Structures are given as C-alpha cells and as structure tokens.
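S.K.: Chain by chain, the residues run as shown.
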Amino acid sequence: MASDSFDQAVAKAQDELDAHTVEIVHWHFSEDTGCPFWLEKKRELSFNPLADVKCFEDLNKFPDFEDEWLRGGPVRRWVPQGLADHPVYVFETGGTTGIPKSRIAIDDFRTDYSLFSDTLPDEYFPPGSNWLMLGPSGPRRLRLAVEHLAQHRGGICFCIDLDPRWVIKLIKKGWMDHLEAYKQHCIDQAITILNAGHDVKCMFGTPKLIESLCLELEERGSSLAETGITGIFSGGTEFTPQWTKFCVEELFGGPPEKSGVYMTPTYGNTLMGLACSQPVTAENKYKITYHSPQPRAVLQVVDFDDTDRVVGYGETGRSKLTTLTQEFFVPGFLERDEGEREKPHQDYPWDGISGVRPFSRLEGGTTVGVY
Amino acid sequence: MFELPAIRWGEPYESLEVDEVKHFYTGEPVARVHTVGAGIVQRDAKKARHARRALQEMSPSELIGKCKKAGELFENGTLQVGNGEQSPEDFIEQQSATTGMPISMCRANVTKNAFVLKNIDQILDALTRGLDLNILARGYGEEGRGVTVSYQAQCDALGAVLPSNSPGVHTLWLPVIALQMGLVLKPGSSEPWTPYRVYSAMVEAGIPPETFCLYPGAGSEIGGAILASCRRSMIFGGPQTIEQYAGNPKVQVHGPGYAKVILGDDCVDDWEQYVDLMADSVYRNGGRSCINASSIYASRHTKEIAEAVAAKLGPIEVLPPEDPDSGLAAFTIEGAANSIWGAIENDVKDAGTTHMTEQYGERLVERPPVAYIRPVVLHCASPEAPAANKEYMFPCVSVVECPQAKMLESIGYTLVGTAITNDDSFRRDLITTTEIDRLNLGPIPTPQLDWLQPHEGNLIEFLYKNRALQLG
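If you read the protein sequences in the order shown, they are chains U and Y. Per numbering that gives the first Met the number 0, the very first residue in the first sequence carries number 0; after that it's consecutive. Per numbering that gives the first Met the number 0, the very first residue in the second sequence carries number 0; after that it's consecutive.
One chain only, chain U, in its complex shape (with noise of 0.2 Å):
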C-alpha cells in the first residue's frame, strides 16, 4: 500500500539519521578524528558522547549550540583532526560590527550544492548553461557554492561585487539614497553582465535583488526571459508566498510553462546545508515548505520555550538546526527564524518547516539586507 510505503520510507530515514548520528557524534569526539573545540568541550559535558549518543533525539543532551562560540580565533580548532591535511575555507556571517562569526568547509558546500543540483529541472537549469550569482562576495559560503553548483552542471558563473555588511550599515543609518544607489550599482553589473553575449541561463538572486533586476529591466523595456534566464534559485526569510506571486505574476509574466522562468526556493545558512522545497505553484497559493538535506542537516521546529521539545504538526515554532557532517557539528542551533512544521514528503521523507519568517520574539528584530 502506498501509504505503508511512505511511513515505511519515513521510518527508514529516521533509522538513517539515528545511525548517522552516532557515526558522527563518534566522529567529532574521537581523539584521532575530532576537532579541537569539540574534544575541549567534551570535558565540560555530563554525559559521555560516545557512549551515550545512541539516536538522534539523544543529541538533545548536548546545551544549545551558542554560536557566540564561532566569534574569533583559532580557527583551526574547528578543524577535525581527522581532515586536518585537508585544504580548508572559512566562511563568515554577519560581521557589520565586530567580529563575524566564522566556520571552516573542506568540502560540505560542494557537497549540498551536488545535492541541490539533483533537485533542478534540466528544462529551466539546463546542464552546460552559464551562471549569474547575484548575491553576496566577500567571505561567503554563499559565492563559492553557487559558483560550484554552475560548474557541477557544466557551466561558468559570473559574479557581481556586492559587499552586504555596507548594505547593512547604510540601513542602520538611514542613508536610504545610498543604499538604493549601492542597490542600483549591483544592477548595474548584472545587467552588464546579462547583456555581454555569456549565454547566462540561470542564476541565484536575492529577492531583493531579483526584484529590483526586474524592475530595471522593465524599466528598460526589456525582461528577465528577454536576457535568457530560465533558472532561477534564491532564499531566505523573503522569500515568502506572498513576494513568489508578485514575482511570478508581474515580474516574470506567469507561471513557468507561459514565462519561460522558473524559480525555486531554498532555506539554509552558513552553518548547515540547503533545505530545499517543492515546486511552488499558484495552485497551493505560493505555499513553500522546506525540506533540511537529511541526514546531514536537519530542521525542526521547537517550542519557543521549551527548545528541546518539537510542536505538533502545523504549529508554530522557532526554527532549529542540526549539522552533522565529517566537516562541521552543531548540535540543535536555534535559528533567528520561526514557521510552522509540516509532515514528511514523498521525496523527502521526514519533517519540513513552512512559512518561515523572522523571530517574531528577539528584541530589535534583525536587519535584512539585500541577502
């Protein structure tokens, strides 16, 4: 029976991700393989990782992961001894003041970049077609997984300029002009880049960005279908159903079959992979759920007090995090976002978290920039 397959797939991937978990945990906590921070902190625990990890759910023994803890240096000891002849990356986020936070990559972006690609329609991502990353340079995680995910699929991604925390600072202090100037010189480049003969088919936007890339180009009485893209990806926090209708309605002239574009969704961070969506369609009023790339990251969606405790299915919580890769471990990262949990899917068959939107609860709220 159908329905006996899928609690059958649902209980296989949660087998899966007990069984990861425990290789993991063993991993990072092991003397030989484990990271420096890690093996340190294991002396602070009550409990014994490596004997008392047995599942998932035992993770919750661990306190919340403070990301305060990825603020300075060193760096290295973030590095598992086991990869540590490894080349390795550092990636940042935030940082417009102070010291960012940093986390070091072997090879987990390409990894979840590999991973997305198999969810991309070859129609509208066509394998050998040139990339846009209209988002973010600097130290982000963001720019060099985009730019493997163009040559995973046999293209070459051309990038803009685009420093985020000046984005930010203009916003804090209401330079407003700068920041739609600043704004239009991202556009610029794109739109430069869009014209020059590079065959650019696909691309990753931020909603702000892709928004106002439209806007220019209607202004110019051309389209985002005129200059050839047919892909595009984007995420985060605004990318709600509400703004897909908008773009899809006005700005791209229809859904994908009539326009010829097609956009697709995607929920992550620095620290874990990329949680990725089904299609979003008009039929299912824009809703957009997301799914974490189990086993190697998972999402759940927590009471907002009682953060080890998941709600019931379509209530509201704060978005959690789990890492759990060779590269990377965060056990239970309380995300500055909230949404409300849905049930497994057919092609991915555990928990998803929708209509995700900023903690409503954290004082001051956060800035969100163009990214």
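It should be emphasised that the hints constitute simulated quantities derived from the structure, not laboratory data. Treat the numbers as computed from the prediction; the structure is a model and nothing was measured. Hints should not be assumed to be uniformly reliable.
Computed Cβ-Cβ distance ranges for the label pairs, DEER-style [claimed, not checked]:
hint	chain 1	residue 1	chain 2	residue 2	range
1	U	R356	Y	P238	26 to 32 Å
2	U	T280	Y	G129	55 to 61 Å
3	U	T280	Y	P238	42 to 48 Å
4	U	P120	Y	H22	43 to 49 Å
EDC-like mimics (lysine to aspartate or glutamate), calculated; alpha carbons at most 20 Å apart, straight line [unchecked claim]:
hint	chain 1	residue 1	chain 2	residue 2
5	U	K11	U	E56
6	Y	K311	Y	E242
7	U	K284	Y	E16
8	U	K284	Y	D269
9	Y	K46	U	E215
10	Y	K46	U	E249
11	U	K172	Y	E220
12	U	K168	Y	E220
13	U	K172	Y	E242
14	U	K286	Y	E13
Chain U residues, not near chain Y, derived (Cβ > 12 Å throughout) [stated by the list, open to error]:
hint	residue
15	S4
16	L44
17	F64
18	G72
19	G81
20	G93
21	S116
22	G173
Positions of the beta carbon are idealized from the N, C-alpha and C atoms, including for glycine.
Chain Y: place on chain U using the hints.
M.R.: Quick look at chain Y alone, frame taken from chain U:
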C-alpha cells in the same frame, strides 16, 4: 470583520499576506488588511502618470465639485469600504476601537476632515494665495498683471506615509486630488479607516478610482518604498524621522510641533485671563497633535501659571472611550507609556524642574494591555531645564520661566506659536524669527487653525515649482 484589500490605482489587490487590525483593548480583530511588498509599490509608482492624466480629464472646478460631494459622503454617507458597508457611526466606532482614541475625538476629526473637503475651494484659494487653479491645470497663464506665470508640477502623485495616532493630519493631503495629482497612501497600521473612507467617498463622488493607491499594513518597508519611488511624499514621525529626511527636497516631514504659548512682559501680569486658553491648547484632541502646546514661556508668574493650568488639567481622569467626556487616548504600543513616564520622571529629577500635577494623583494608569498618562504640568525654572522643550503624545506642558529678551533664542523650532503681547517691538521680533512656523498674534489657542491659512509646509510650494515660461 472588514476585509480591506490593497488598492493599486483603483484595483483591489488580494495579498497572500494579511495583517489583523485589532481592538486596542480586547485584542479582537476588527479588520484584515492585505499587505504588499516594496516591489509592488515601486512597480505601481511607474504608472503614476495615468492617475494625473485621468484627473486632467476634468477641470479644476469639476474636481472641486466632486471633492465637496466627497466631503458630504465622508461625513454622512454609508459607503462601501473594503468588503462591507460603513456608516459614519461604524467608522467612528472602528477608529476608536483600533486606535484607543475616545469616540468624541474621532467624531471631531470627522468634522475636521469633512470641513476641508467641503470647503476645498476656499482651502485651495488659501494654499495658492488666490491663484486661478486653471493656471495650475494648464501649466501657465496670466495672473492679471499682464505677466505670464508658470507652475511646474513636480510629481504625478503624492505619496503619504500616514500615522495611526492623529486622524486630523489627513487634512494635509486631502487637497491633492483637486490639484490633479494622484495619491499613494500608506495608512497607519492601526488606522486604515480614514484613508479607505476618503477613497470610498471620493470614488462615490465621481473621482476616478485609478487615481488612488492604498497600501495598508505595518511594514516599514512599504513606507520606505513610497518615499523612494514617489517624487514628492510626506511622512509623519518622530524626531528621528525628521532628522533622517531633513533637507530631502522630495520628502516633507511632519513630526513633533513643539507648539508654544508665549506671554509677553506687557501681558504676563494678566496671566489669569489666559489660563483657559493655555489649558485648551494643551488638552484639546487629547494632547496628541503637533499643534498642541507643549511649552508655555513667560518671564514671571510661571509658578502660579503652572499651578493654575495643573488645577485645570491635573484632575482629569481616564474614562472609557465611549464616555462623551473622555479626553485621553490610550497608549496602545506595549511599554510606550511606561517609557514616556520614565523619561518625565527622569527630567523631574532636575533641580530646576517641578512636577505640578503630582498632588492630583498617579499619572501613569496601567490598564493592560494598554496604558494612559493623565495630564502632566511641569515647571521649569529656566529654558535650560531638560523638560523645557519636550513633546509627548498626551497632554503634557512645561511652563518655562525665561526673560523675554531670551525667549526667541530659547524656544527652538515651533510649529505653532501663540504670542500674547501688544509690544510692537516684541511682535516685530516674533514675526522676524524663523523658529516659528505658524504665528498667532494674540490670544488664539494653538490648536485653533484657520484653514484659510496654509499649514505646515505649504502644499503648493511642495508640489509645484514656480518657474519661468516665455511665450514667443
């Protein structure tokens, strides 16, 4: 419950994002408003010229006739607003319910807004200083001196980011339609009622719907997008907003008014005659307007003046909004009243500052989830006192002792200054100073506006450029 779609040049737009506008006290939803993002605002703004063209199809006199009819409908009509019918009483109740303003105050503001529409010809005559509106419509003409004058419209539609707390300010943008320009409005998050009712009344009166955009909701993003994409817009906000847009020729900022009553040395000994005027200037409209007096300046008798004003205002109690005597509005933003009261308590710590309403009981009245502050009168021994030139959204006034010779250098920006003096020399100085915008010479309460005088940043000067045009 009322469902208010966004209006995009007259077309209702149903969004997938809907905000609930709630009763200020019970939290029950009263309306659902459809919110849009910045992209829609920016995209719509490019079509503003269509709004102007639609209005240019009608003559100024035709538009004036329709605006007058809209004024009648706004005041007395039952109108289709969003998905429901709304009578004038419904409107007043809804406005009071979501803003926490007393019913009587909401009713008074209906009259005020309707007055402007019903007298739009005279208002425009005052705003233009008597210019023939056909000159504005045509772009040029003769004023009667044999000289060609030309006024160049600076935009096709005026953007306005509106407040929730003072429905009287809508009078500032109401004349725009008659000037053949469209309106792009972001209603205040808890007061969508006035813009929507004006829109309904205008359309019912025959104004083309495609001349209006309404983008309701709480998001600051919408306001930012309106300011960025309209060539002329007005915004209402606090000192931070004023600072942010200071010197920006595209934006007219309306913020705290720091209105004042100034008693000249020649009249100050008769201060008792003006106690009612001073109390009225502080208290009318719940003390929430930029035209309410926030300071009273005098060189002597200041303690007695403060005592007398405190005796009038101090005993005023918080009453339910439906009580006809209710004159205080609730602070509906959590923590706002506490924070304001904290600031006042801090100012009173100053050695030269005395709290004159203390004897009339507690000022901060907490009625969770809202709070009120009963009227506060402070006495400041000098203009250097920290409270001398402060303004809050409730009846609060500082009576400041200051030599007449130092007054004009101490008062700072003053939207409305009522100067009670017959001293010609002082009057000349008052007329000369650039600190006072609207000057009342004589005993006129600060909130008493003569609508036949342009108010706070002349709309015509903002929307039109007086330029040269030569005919060959």
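S.K.: Each hint needs a verdict: does it hold in this structure or not?
M.R.: Outcome of the hint check:
no., hint, result
1, U:R356 with Y:P238: 26 to 32 Å, "holds (30 Å)"
2, U:T280 with Y:G129: 55 to 61 Å, "holds (59 Å)"
3, U:T280 with Y:P238: 42 to 48 Å, "holds (47 Å)"
4, U:P120 with Y:H22: 43 to 49 Å, "holds (48 Å)"
5, U:K11 with U:E56, "holds (15 Å)"
6, Y:K311 with Y:E242, "violated (35 Å)"
7, U:K284 with Y:E16, "holds (11 Å)"
8, U:K284 with Y:D269, "violated (70 Å)"
9, Y:K46 with U:E215, "holds (14 Å)"
10, Y:K46 with U:E249, "holds (14 Å)"
11, U:K172 with Y:E220, "holds (16 Å)"
12, U:K168 with Y:E220, "holds (17 Å)"
13, U:K172 with Y:E242, "holds (11 Å)"
14, U:K286 with Y:E13, "holds (16 Å)"
15, S4, "holds (34 Å)"
16, L44, "holds (39 Å)"
17, F64, "holds (31 Å)"
18, G72, "holds (37 Å)"
19, G81, "holds (46 Å)"
20, G93, "holds (22 Å)"
21, S116, "holds (28 Å)"
22, G173, "violated (5 Å)"
Violation of the numbered hints given earlier is confined to hints 6, 8 and 22; the remaining hints are satisfied by the structure.
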